[in-house]
Amino acid sequence: MKASKSRSIIPGFGLSFGVMITILSLVVLLPLCSLVVFTLKLTPSEFLYTITRPRVLSGYRVSISTALAAASVNTVMGLIMAWVLVRYEFPGKKLIDGIIELPFALPTAVAGISLTHLTTTNGWVGKIFFDRFGIRIAYTRLGITIALIFIGIPFVVRSVQPVLEKIDIQYEEAAMILGADRRTTFLRVIFPEILPSLISGFTLAFARSIGEYGSVVFIAGNTPYETEIAPLLIMSELQEFDYAAATSIALVMLAIAFVILSINAVLQSKVSRRISGLA
Amino acid sequence: MRTEQYPHRNGNREVRLKENSRPGAGKPEYGVFKRAAAVFLAVLVTAGALAGCGGSSSGGTAAGSSAGGSTGAGDAGNDTQTADGQGEVIELTNVSYDPTRELYAAYNQIFEQYYEELTGRQVEVTQSHGGSGKQALEVSNGLEADVVTLALEGDVQVVADSGLIDDGFISEFPVDSSPYTSTIVFLVRSGNPKKIYDWSDLIREDVGVITPNPKTSGGAMWNYLAAWYFFEQQGQSEEEILESIRKLYGNVVVLDSGARGATTSFVENGQGDVLLAWENEAFLSLKEYPGEYEIVVPSVSILCQPTVAVVDEVTRKHGTEEAAAEYLNYLYSDEAQIIEAQNFYRPSTKEIYDEFVLETDSSTITEIPADGHWINDKIVLTDITHFGGWTQARSKHFSDGAYFDQIYEQ
Amino acid sequence: MTLRNNSGPVKWILIILVILFLAVFLILPLVYILMTALGKGVEVYKASITDKYAVKAIQLTVQATLWAVAVNTIFGIAAAWCLTKYAFRGKKIISTFIDLPVTVSPIIAGLIYVLTFGRQSFLYPILDSRGIQIIFAVPGIILATIFVTFPFISRELIPVLNAQGTDEEEAAALMGAGTFTIFRRVTFPHIKWALLYGIVLCTARAMGEFGAVSVLSGHLRGKTNTLPLYIELLYQGYDYTGAFAASSILVIMAVLVLILRLFLERRGQKELDIHK
Numbered sequence: 001m002k003a004s005k006s007r008s009i010i011p012g013f014g015l016s017f018g019v020m021i022t023i024l025s026l027v028v029l030l031p032l033c034s035l036v037v038f039t040l041k042l043t044p045s046e047f048l049y050t051i052t053r054p055r056v057l058s059g060y061r062v063s064i065s066t067a068l069a070a071a072s073v074n075t076v077m078g079l080i081m082a083w084v085l086v087r088y089e090f091p092g093k094k095l096i097d098g099i100i101e102l103p104f105a106l107p108t109a110v111a112g113i114s115l116t117h118l119t120t121t122n123g124w125v126g127k128i129f130f131d132r133f134g135i136r137i138a139y140t141r142l143g144i145t146i147a148l149i150f151i152g153i154p155f156v157v158r159s160v161q162p163v164l165e166k167i168d169i170q171y172e173e174a175a176m177i178l179g180a181d182r183r184t185t186f187l188r189v190i191f192p193e194i195l196p197s198l199i200s201g202f203t204l205a206f207a208r209s210i211g212e213y214g215s216v217v218f219i220a221g222n223t224p225y226e227t228e229i230a231p232l233l234i235m236s237e238l239q240e241f242d243y244a245a246a247t248s249i250a251l252v253m254l255a256i257a258f259v260i261l262s263i264n265a266v267l268q269s270k271v272s273r274r275i276s277g278l279a
Numbered sequence: 001m002r003t004e005q006y007p008h009r010n011g012n013r014e015v016r017l018k019e020n021s022r023p024g025a026g027k028p029e030y031g032v033f034k035r036a037a038a039v040f041l042a043v044l045v046t047a048g049a050l051a052g053c054g055g056s057s058s059g060g061t062a063a064g065s066s067a068g069g070s071t072g073a074g075d076a077g078n079d080t081q082t083a084d085g086q087g088e089v090i091e092l093t094n095v096s097y098d099p100t101r102e103l104y105a106a107y108n109q110i111f112e113q114y115y116e117e118l119t120g121r122q123v124e125v126t127q128s129h130g131g132s133g134k135q136a137l138e139v140s141n142g143l144e145a146d147v148v149t150l151a152l153e154g155d156v157q158v159v160a161d162s163g164l165i166d167d168g169f170i171s172e173f174p175v176d177s178s179p180y181t182s183t184i185v186f187l188v189r190s191g192n193p194k195k196i197y198d199w200s201d202l203i204r205e206d207v208g209v210i211t212p213n214p215k216t217s218g219g220a221m222w223n224y225l226a227a228w229y230f231f232e233q234q235g236q237s238e239e240e241i242l243e244s245i246r247k248l249y250g251n252v253v254v255l256d257s258g259a260r261g262a263t264t265s266f267v268e269n270g271q272g273d274v275l276l277a278w279e280n281e282a283f284l285s286l287k288e289y290p291g292e293y294e295i296v297v298p299s300v301s302i303l304c305q306p307t308v309a310v311v312d313e314v315t316r317k318h319g320t321e322e323a324a325a326e327y328l329n330y331l332y333s334d335e336a337q338i339i340e341a342q343n344f345y346r347p348s349t350k351e352i353y354d355e356f357v358l359e360t361d362s363s364t365i366t367e368i369p370a371d372g373h374w375i376n377d378k379i380v381l382t383d384i385t386h387f388g389g390w391t392q393a394r395s396k397h398f399s400d401g402a403y404f405d406q407i408y409e410q
Numbered sequence: 001m002t003l004r005n006n007s008g009p010v011k012w013i014l015i016i017l018v019i020l021f022l023a024v025f026l027i028l029p030l031v032y033i034l035m036t037a038l039g040k041g042v043e044v045y046k047a048s049i050t051d052k053y054a055v056k057a058i059q060l061t062v063q064a065t066l067w068a069v070a071v072n073t074i075f076g077i078a079a080a081w082c083l084t085k086y087a088f089r090g091k092k093i094i095s096t097f098i099d100l101p102v103t104v105s106p107i108i109a110g111l112i113y114v115l116t117f118g119r120q121s122f123l124y125p126i127l128d129s130r131g132i133q134i135i136f137a138v139p140g141i142i143l144a145t146i147f148v149t150f151p152f153i154s155r156e157l158i159p160v161l162n163a164q165g166t167d168e169e170e171a172a173a174l175m176g177a178g179t180f181t182i183f184r185r186v187t188f189p190h191i192k193w194a195l196l197y198g199i200v201l202c203t204a205r206a207m208g209e210f211g212a213v214s215v216l217s218g219h220l221r222g223k224t225n226t227l228p229l230y231i232e233l234l235y236q237g238y239d240y241t242g243a244f245a246a247s248s249i250l251v252i253m254a255v256l257v258l259i260l261r262l263f264l265e266r267r268g269q270k271e272l273d274i275h276k
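Going down the list, the protein sequences come from chains A, B and C. In terms of my numbering, the first sequence is residues 1 to 279. In terms of my numbering, the second sequence is residues 1 to 410. In terms of my numbering, the third sequence is residues 1 to 276.
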């Protein structure tokens, strides 16, 4: 790794690299290693059995499907929000801009509790849906999705917004003068520009949602095969004092997170290459 | 790896900054930033100082001022207390399960008083509450509890298995080291609209049941076992019992991860028709929401024996063996037994138990009796020995792939 | 801009859509929290937030947040500098590992520290013999908080430094400036706003962390209960007013941090405009 150090004449590589690696190892790498060590206490077939039990599989399925739904909603809404915040002027804009990060700051448990209260069949919102349409929100997958939408709001908005701010309005004007209608302009000129940030916002929101526990556990109902999420299964394995099983499921989820991040990285470089190719 | 990653919005500013802030050229703008940064720092430092003060008094958070950051401030605090100097406060940590919050809040007060009168030394008890199994796990993992007061013997056994508690804890204190007991009853909505009177009503199709998940809540195992015992008493074969239990859990609307969560789902969020609850939790709901709920005592149930134990390894390290033992011993005193009964736990002292027995033929309790007599004595209680002890009950019913998992398999 | 402003109906439909979405998903829960917090009157609210244990919980939360911000700032600057100013192999993998904590389930984040520093770990005897306790004590809470906010600052700085390139630093280095001089005089002015924004995000997220901390705190009342854990404790103790009152403190702290950011941004914007 140090081979190319000499290429840069800026001093301080050793120091900054040292600080980075030290903290990274202590905070992230070392603890992650212990996860692997504990999983290794199982034989491969035991490991395979643990992570493919039907109950566990359904846990992944619930987590992934709700996270996917929530991240999709957040991507569409995030794009619209970023657009509105960048392109339009209207009263209250600053306020909206300011509160986007609130879901980060609110403890997930508090979010879960208040969302549950709001959406049970006798909560403010849940009552309307239940009485009018017979739809239950809390204690169903719909409820989980709503909690995940809440915690994922900032990701897409904040990825897309700065990129959208940078796009020069002249290109759009040029496109329109050349006879492109609004839709074509958006699809051909703007969309390719913001696509990378849209993807990275989506992946982050998705990855964050898969692992979410604090808010979901209150609203989920936790019925096995129905609304039992994967992180809850880790908790119940721990309750069984079965560390190896808990760490196995945790390792799978970690791998999923890692894969998502890597896919994102690949997509990013592909998309940006294509764009620079076009330009 | 990629460009815009995290929510951030300095996109166009960064470009403009570039024009403006070449070294040297940025001097004036520095001023505002410096001032702003100074304000921010001042806020942080003040907050830090506050945190530091709080830390030193609680004896566990000196990390705020220590250079290392990861030094064991908590320990340092405890070590000083092992010195035998009079007048120093002895710190005890009691790791307990969810529903005992109110009980130990009251008990710690009288114990602290009693202990000072007895020995002239002050004692301060720190409480930790949570799901019983999770608490047991945390103690085995290094949560330094001087005493554990958990929902069931099995959980204390887990702590013992990790080598922290000496053998024979179950006979260290009177009546199997369980100073108070409880049982499982039904909590229904006022007027009992669904006419739920016994376990057999729970498997009717129109009934929504709330009970926590036995896989994540130790206490919820009692609920399951009580139901099992009822159907067994009905003369059902093991397959039939399993089928009944499957129906019962098929009626479960919300399978919360803990006992308190289940109570909240039923009481606050209005889910389901009946809550399978610890007797003390049920009475607490009657007390908190008078007129809204009724307790139905089923024909049979199970004697829940919460188990207490001194965590020998930890007390030896802290030098608190004597205080910890006294803490648990005093749970059997008349004063403590009365407090336990007042918090709706069944006391183990016969005389005090009798004082609280309710004279009634009805199995429904609509309000907390004004004279304080609340114990329904008519109920037939089994106990864990009927299931061959916790080790056997766990492996047969609750471990991975056992009965409880099977009832959910399609 | 004139072009866009023509799109009357589309504009307002979109704006209304955004407002509706935020009102339902963001504002409604917040309103619910505040209303429940004040539901039993201001007196009860005051009593709840000045409770002895509530104050301790606030102090602990502030302490953990400060540590997380401090460590992540140092790490963020070092990592961003290292990853953008030098070319070396393994950059991608390091980047991915830095990002990983955001996507790891908080439960797993807590679990890995329990496994690393708990009694079943090979590190435990070493730490224990020195009287060092990490999990179920304040250091563990700080570690978990650092973990969940790990990439927040570095990820803010990296794009900015990438865009800025290395020319200026190289010039300064050629002129003989040392590391710290280069950083202070050349790099820092570029990244200060990004840094500030990262710190704000990190602060906000650190205050609210629940899952990871809950796994390794031990829930010792008054000792290792952070504000989010204390909220859960109250909630489970049927003290809904208290729980939501404590939550409202967090909401207010978060709003203050966000207002501070808005204010600083505006000052920064102004001074830039003057210079133009």
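Possibly wrong hints are sitting among the right ones.
The calculated DSBU-like cross-link candidates involving lysine-lysine, where the alpha carbons are at most 30 Å apart (straight line), are [what the hints assert, rightly or not]:
id, chain 1, residue 1, chain 2, residue 2
1, A, Lys166, C, Lys11
2, C, Lys40, B, Lys287
3, A, Lys94, C, Lys11
4, A, Lys94, A, Lys166
5, C, Lys52, C, Lys40
6, B, Lys287, C, Lys46
7, A, Lys93, C, Lys11
8, B, Lys247, B, Lys350
9, B, Lys247, B, Lys194
10, B, Lys247, A, Lys127
11, B, Lys195, A, Lys127
If you are wondering where the hints come from, they were derived from the structure by calculation, not from laboratory data.
Do the hints match the structure? See the list:
1. A:Lys166 <-> C:Lys11: Cα-Cα ~20 Å, so holds.
2. C:Lys40 <-> B:Lys287: 18 Å, holds
3. A:Lys94 <-> C:Lys11: 17 Å, holds
4. A:Lys94 <-> A:Lys166: Measuring from Cα to Cα gives roughly 19 Å; hence the hint holds.
5. C:Lys52 <-> C:Lys40: 20 Å, holds
6. B:Lys287 <-> C:Lys46: Holds - the C-alpha atoms of C:Lys46 and B:Lys287 are around 24 Å apart, at most 30 Å.
7. A:Lys93 <-> C:Lys11: Within the cut-off at roughly 13 Å; holds.
8. B:Lys247 <-> B:Lys350: This hinted pair is violated, its Cα atoms lying about 38 Å apart.
9. B:Lys247 <-> B:Lys194: Holds. B:Lys247 to B:Lys194 sits at ~17 Å (cutoff 30 Å).
10. B:Lys247 <-> A:Lys127: 28 Å, holds
11. B:Lys195 <-> A:Lys127: Roughly 25 Å between the alpha carbons, so the hint for B:Lys195 and A:Lys127 holds.
The structure does not agree with numbered hint 8 stated previously, though it agrees with all others.
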